[in-house]
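*Asks:* Sequence:
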Amino acid sequence: MKSTRTSTKSRLSKETILTWYMNDTLEGNDPKNVYLFSRRHQIKESDFYKFFNSFEGIENHFFELIFSKTLDTLSKSASYKAYSSKEQLLSCYFTFFGNLAANRSFVLYILSGNKLDHFRKLKNLHKGFGEYIDTLDIDTIDFKHDKVNKIQRKAINEAAWFQLVSILKFWLQDESADFEKTDIFIEKSVIAGFDLINAQPLKSVTDLGKFLYKEYNPVG
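Sequential numbering from 438 applies to the sequence shown in my numbering.
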């Protein structure tokens with residue numbers, strides 16, 4: 438009969454380590470270092486480093502994995518493929534934050550503490566989300582100049598990332614039932630963003646501003 442260590446090693450993967458880490462942290466057993474974490478789960482420390490170089494690497498992978506599962510869900514939807522780019526982005530956000538909600542306690546754990554660390558933990562998500570935005574057929578102005586068009590596309594990509602981070606921040610603070618206010622914020626943000634890209638009237642941008650003002654300046 439194989440030893441526990443051998444059996445564990447044979448099925449070791451990024452997802453296995455992530456599951457262990459999530460369970461440990463959510464149960465109040467935050468690992469102090471990789472050595473103790475590896476010992477707790479009966480693997481060699483060197484085995485851990487084959488998949489991650491730190492606990493922050495695990496947290497980075499979590500967001501990357503959630504977004505990958507989001508795209509996998511969308512790719513299996515026949516209706517998604519027929520959507521406009523605006524509708525596709527809305528579907529992406531709703532699905533992504535639905536997946537995050539299923540793991541909210543862990544997300545709150547990851548994104549607690551120093552806010553400057555948050556961006557490092559979202560590095561893989563930033564890359565994957567940017568690649569996703571590049572696949573959307575977003576109408577833009579053709580400047581008849583490749584370099585300028587490339588700059589425009591990059592600006593849209595970064596604006597979309599800022600939008601996602603803003604929604605994430607809002608969601609973290611949302612105390613409404615079933616995160617209904619986040620759903621409203623997502624819809625208004627996407628509509629306003631596309632109106633700006635397409636040089637549409639700024640009504641939706643004003644609408645978003647009014648919504649945020651009421652959220653952060655409630656009538657006493």
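FYI, nobody ran anything at the bench for these hints, they're computed from the structure.
Errors might be hidden in some of the hints.
Stated by the list, open to error - The calculated label-pair distances, taken between Cβ atoms and stated as ranges, are:
#1 Y520 with K591: 22 to 28 Å
#2 H582 with Q479: 37 to 43 Å
#3 E464 with N586: 47 to 53 Å
#4 N551 with K481: 27 to 33 Å
#5 Y472 with S542: 42 to 48 Å
#6 E464 with L633: 25 to 31 Å
C-beta: ideal position from N, C-alpha, C; glycine also.
*Asks:* Now look at each hint and say whether the structure bears it out.
*Replies:* Now for the hints, and whether the structure bears them out:
no.: 1; hint: Y520 with K591: 22 to 28 Å; result: holds, 24 Å
no.: 2; hint: H582 with Q479: 37 to 43 Å; result: violated, 60 Å
no.: 3; hint: E464 with N586: 47 to 53 Å; result: holds, 51 Å
no.: 4; hint: N551 with K481: 27 to 33 Å; result: holds, 31 Å
no.: 5; hint: Y472 with S542: 42 to 48 Å; result: violated, 26 Å
no.: 6; hint: E464 with L633: 25 to 31 Å; result: violated, 45 Å
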